[in-house]
Each structure stands twice: as structure tokens, then as C-alpha cells.
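Engineer: Chains as they are written, first to last, in the working numbering: chain A, 6 to 160; chain B, 2 to 479.
Just so you know, not all the hints are guaranteed correct.
Unchecked claim - Derived Cβ-Cβ restraints for the label pairs, each shown as a range:
| no. | chain 1 | residue 1 | chain 2 | residue 2 | range |
| --- | --- | --- | --- | --- | --- |
| 1 | A | LYS68 | B | VAL183 | 23 to 31 Å |
| 2 | A | MET134 | B | LEU265 | 27 to 35 Å |
| 3 | B | PHE366 | A | GLU119 | 52 to 60 Å |
Hints in this document: simulated from the structure, not taken from any laboratory.
Where a beta carbon is used, it is the ideal one built from N, C-alpha and C, also for glycine.
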Amino acid sequence: MAFCSMLSKEADKFLVIGIGNPLRADDGVGPYIANAIKNKQIPGVNVVLSHQLDIELLEEAGKYAKILLIDASFLGEGLVFRKVQAASTEQGSSSHHLTPEFFWTLAQKLYHKELSLYVCAVRGRNFEMGEKLSPEVKLLVPKALDEICAFLREK
Amino acid sequence: MDKQDKTILISPVTRIEGHAKITLILDDAGKVKDAQFHVNEFRGFEKFCEGRLFTEMPTITPRICGICPVSHSVSSAKACEMMMGITPTYTGNLLRRLIHIGQTVSSHALSFFHLSSPDFLFGWDSDPKSRNIIGVAEKFPDLAKRGIRLRKFGQEISERITGKKIHIMGIVPGGMSYPMTVENRKALLAWIPEAIETTKIGIDLIKKYHDEHKHEVETFANFESMYLGTVGPGGELELYDGKLRFINSDGSIVDDQIDPKNYLDYIAERSINWSYLKYPYYKKFGYEKVFYRVGPLARLNVATKMKTPQAQKEFLNFKAISPGKPVHGTFYYHYARLIEMLSCVEEAEVILQDEKVTSLNTQTFGNQNQTEGVGSSEAPRGTLFHHYITDEGGKLTKVNLLIATGQNNPAMNRSVLEVAKQYVNGKDIKEGALNRVEAAIRCYDPCLSCSTHAIGAMPLLIEMRNMNGVLLNVIQRG
Chain A
6 MAFCSMLSKE ADKFLVIGIG NPLRADDGVG PYIANAIKNK QIPGVNVVLS HQLDIELLEE
66 AGKYAKILLI DASFLGEGLV FRKVQAASTE QGSSSHHLTP EFFWTLAQKL YHKELSLYVC
126 AVRGRNFEMG EKLSPEVKLL VPKALDEICA FLREK
Chain B
2 MDKQDKTILI SPVTRIEGHA KITLILDDAG KVKDAQFHVN EFRGFEKFCE GRLFTEMPTI
62 TPRICGICPV SHSVSSAKAC EMMMGITPTY TGNLLRRLIH IGQTVSSHAL SFFHLSSPDF
122 LFGWDSDPKS RNIIGVAEKF PDLAKRGIRL RKFGQEISER ITGKKIHIMG IVPGGMSYPM
182 TVENRKALLA WIPEAIETTK IGIDLIKKYH DEHKHEVETF ANFESMYLGT VGPGGELELY
242 DGKLRFINSD GSIVDDQIDP KNYLDYIAER SINWSYLKYP YYKKFGYEKV FYRVGPLARL
302 NVATKMKTPQ AQKEFLNFKA ISPGKPVHGT FYYHYARLIE MLSCVEEAEV ILQDEKVTSL
362 NTQTFGNQNQ TEGVGSSEAP RGTLFHHYIT DEGGKLTKVN LLIATGQNNP AMNRSVLEVA
422 KQYVNGKDIK EGALNRVEAA IRCYDPCLSC STHAIGAMPL LIEMRNMNGV LLNVIQRG
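Full structure from sequences and hints, please.
Structural biologist: Written as C-alpha cells, this is what we have:
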């Protein structure tokens, strides 16, 4: 990964959070990709794996200059990167997980941090029980790693 | 319930995870006559576990719930140990007990600080747009941060022993498959003072609320019931391992030091036609006479004392609410939950100070020598039973899981009825009344695949019907 080699010199305090359940097939693509990034041991980049984006990650996230969430998506095609904006207080969320927007807003309210927060959504195809990624999503993984490393480098 | 009602209420379309549904039945004068709290979810764990090897159950059953996976794993491992005729090592029990404490703290902190505190801080009738965790974060950021860290402390106990915050692995028949490192023990000990301080802040907050809203607290779904909880040999509060105690509504002990393996001699279940959640009842008295409650309020009502000094001090204040008798007010679940949390943190410190907690002797081994096993523990929401029967090869032929929320089902229905009678008048229902109905359920912190764990807005559907079943009004949220 050429991009990631370059990244190791440039990145500073980037947090990658892989979200999903590895027992629900493509839902586990976030942790799968995040784990691949973790194995690269890139200086300045820390990786957290989590079933869901939960409130306890807020304090940790506030310590980083930039945060990237990698999560499976029901919608879209391939990979979609987006920057997270604030949520309205009416936007619901459950105690098990927060939406990225809710996460951003809580960080601002609680820690006075305007997070530089991004989401990489990977279109999943199969969310049934199983530890294997679907063939379509598995094909996306090398591309996802390349694009995420490029994304990290650009940011 | 007529046939038409049943068709409306138990439609497959409504079998979606996490929605509570309530029917309020009004008399001709528009007064609430009856209430039904519906659970339309069906999980099927008991059925699809049949055919699995019993030793897989401590790994499968934590997946039932993301909030109380440890209680499921512990109860499951105990049932397996009964079948194998083994007991965990001293260190195995210490580590299990510690993880169980972590789960309880995490769950109770979530219930109180994240979900319930907006009501106490902003008031029942305040604007629902700010009566949520965002509102707390804006107005009371220090309290919100403390609540988050307390929950994190609970989860970190699991993570530092098993590597996972939720759906933990490592609780196995015979003990634990992971030891604890000296470094992790030290790190967890460092959390204790902050965890105790935060718990005490929560206790102060609820006591202040009690003082300022005395009438509401005392009348909020206040009704008599029996109580069930686990106690130690001296009647002390016990969450991880002990014997069962039932008390009557007047506080008298009706059964004590019952081995959990005999639970079916005392508890039976019946089905009702408006919910998939059964109605358990105390067998000796029958379902028509009285029902029992489980969970923090029940545990403190049945307990004679606490195991740790600071919790004991607060326990005496709790007992003083209703000297010599159980505290029946449903609102006091919150207070009981906080006292339990204080007890848990204190006990965690005692365990972590035990040198043997880092021993590598974490597990004993054995083979199956009987085909039936029962295990129990006190989940955050109440007493939990796992009951397995296998064939000679160890494959499960029958599984019975008696879950705390199920045991509180009759009481939740009664609580909804009491609160609705108090705050609902006629077919129109105001937001404040809706919130109180929701809060009555939330006192029990039930786990309907976490339907009541939505932040500030439990998905809720209330139908108002007259005595003939005619739909008068529908209020939906979420």
C-alpha cells in the first residue's frame, strides 16, 4: 500500500473506528477493514473496533484530530465518504448506538470539541448470520483500503 | 379482548424490534378501566438452541442481550456446571463476579444517567425536545460526562478481562478461560474512587428529587406485590451467587434459602392473549391473588443487609422509607438501582484487592454426568434462570430461559394502569402524561430487545379503546 506508507510519515493522531457485527456477514466489514488498517501499525493512526458507535467512544474520540468511521451501509453503491455535520436535538438515537451526527453533537456539547469526523460507508449485500463477507463486499475490501489510506493522506 | 382486537394487536407487521404498545381501556365516563402492555417480539432462543451441545450455551446465550450478556453467560455456565458436577476455581469465581459487577454498573449507569435523569433534571412536563441526553449535555455537562465514564468503567472491567466490552467470551463451565493481568487489575483499581463519587452524586440527585416531589414519588404506581431476589447465607444482597428469597407484600419471608435449581417448585408461567411475554407467578398463591416483582427494588426489599459499608449506610435510609415493610412505590426502583451500584463498586474494590484475582488457576474441568442443569444469577433487571435438559450425548432437548423482564410483566402492566388512572382522563392524552406512562415502564428498565432504551423517546404506541373494544384514539411516538 503505497499511500499508507506515505501516510505513516504524515498522519497525526487519526482515529479509525470500525463499526459492525462480525457475526452478521457484511455488517462486519467495518471491523474487517479497520482491523486490516490496524495490522499495518501506521504511526499516528489508532484503530478501535466496536459493534456500534456508542457514547463511551466520545471521550476517546475527543483526543484525536480526525476520526474516520467505517461502517456497512444498506444504501448507496461501493464506498461513500462523507463529512459529518451536527444533528438537531430532535434526531433520535438509541442507548446502544449513536448516529454519527448525534455523536458529533454530543462531543460539542460535552467536550466542546468540533470533531473532524468522517464516515466511510461500505455498501453491504448480505446481513444474515455468518462470519464471511459476501463476494461483492470482499471484492471491495482492497479498493476500500486504498481509498481509505488515500483519504487519510489527503486529510 | 374480542377477535377483532386480537387481529389488530398481534399483526406480524408489528413484530418489529423495540416497540412497546399499550392499550388503555376507558369506561363510559372516560376513566381508565384497564391497561395492557404488549410485547410483540418473538426471539425463539429456547427453540433454536435445541440440538446444540449444552457446553455451547455460555457462548450462545450472551447474544440474547447486549446489556446483560454476562448474566446470561454466568447462569448458563452454572447450569452446565450442575450437569458436569464441577465448581469453578476460587479465581474463576472472583473474575466472574467482577465481570458481573461491571455489567451491573454499566447497565444501571445507563438506566439512571442516560435514560432517566432527563426527567429528574428537567421535569416530566418539560419540552421533550430538550428532555434527553443532549439536553443533559447542554445544561449539566459534568453530570453527563460522569454518567458516561461510570458506564465506561463497567464496560472496561469486561474489556480488561475478556478483551470485549459486550457479548463477552471467556465465562465457561468451571470458571474463566482468561486470567487477569496485574496491569489490568491496577488500572481498574484506579477507577474506584471516581466510580464511587459518581454513584454518590446520583444518589444525592435522586434523594433531592424525592424531597422536592414527595407526593408524586410516593403515589407513582404504588401498589402491593410480593418480591423475589437472591440473598447470601445471612440475607445479604447477592447478585452473582446465592439462594432465592420470596417475601410477601407485608414484608414477611414466605420462602427462604431456596436452591435456584428448584425454581419450578415456586414459579409457574401462563400465557396471555395480548402479549408474547408470559405472566409468571408465585405458584403457591396462584396468579389471581398476587404477583411478584424482581430487580433492584425487589432485591433491596428482600435483603436483610448489604455487604459493603457505604451501601449499607444508604440501605438503612432506603429501609427507613417504609419501616418494617417493603417499599412498594415503583419510583423507588431508581434509588434501589443506585444503592446497588454503590454496593457493586465497593465490592469490585474488595475483589480487586484480593491477590488471587490475578492467579492463573481460573478453571476446573469435567465431563457431563447428568442430563439436567439449572443456573441462575441476578441480572440488572432481576432474577434470571437458565434450565437445560439434554440427551445422553449432551445435545439439548429442552431449554427454558426465565428472564427478569418477563417476571416483571404483571407488575409493568399494573404500573401502567396505575399511572394511567392517575394522569389520563378521557381519550386525549397530553405529552406529560405520555411521558409518565413511559417512565412507569422505565422504572423496571425492561429489556424488550431494548425498546425502552431509546434516548428520550421510547417508541410507543398507545391505543385508547372503550369497553366494547372500539378504538377511540391512537397516540404514536417514535
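Engineer: Confirm or reject each hint.
Structural biologist: Each hint, compared with the structure:
The hinted window of 23 to 31 Å between LYS68 (chain A) and VAL183 (chain B) holds, with their beta carbons roughly 26 Å apart. At about 32 Å, the beta-carbon gap between MET134 (chain A) and LEU265 (chain B) stays in the expected band of 27 to 35 Å. Range check, PHE366 (chain B) to GLU119 (chain A): about 54 Å between beta-carbon atoms, so the 52 to 60 Å window is met.
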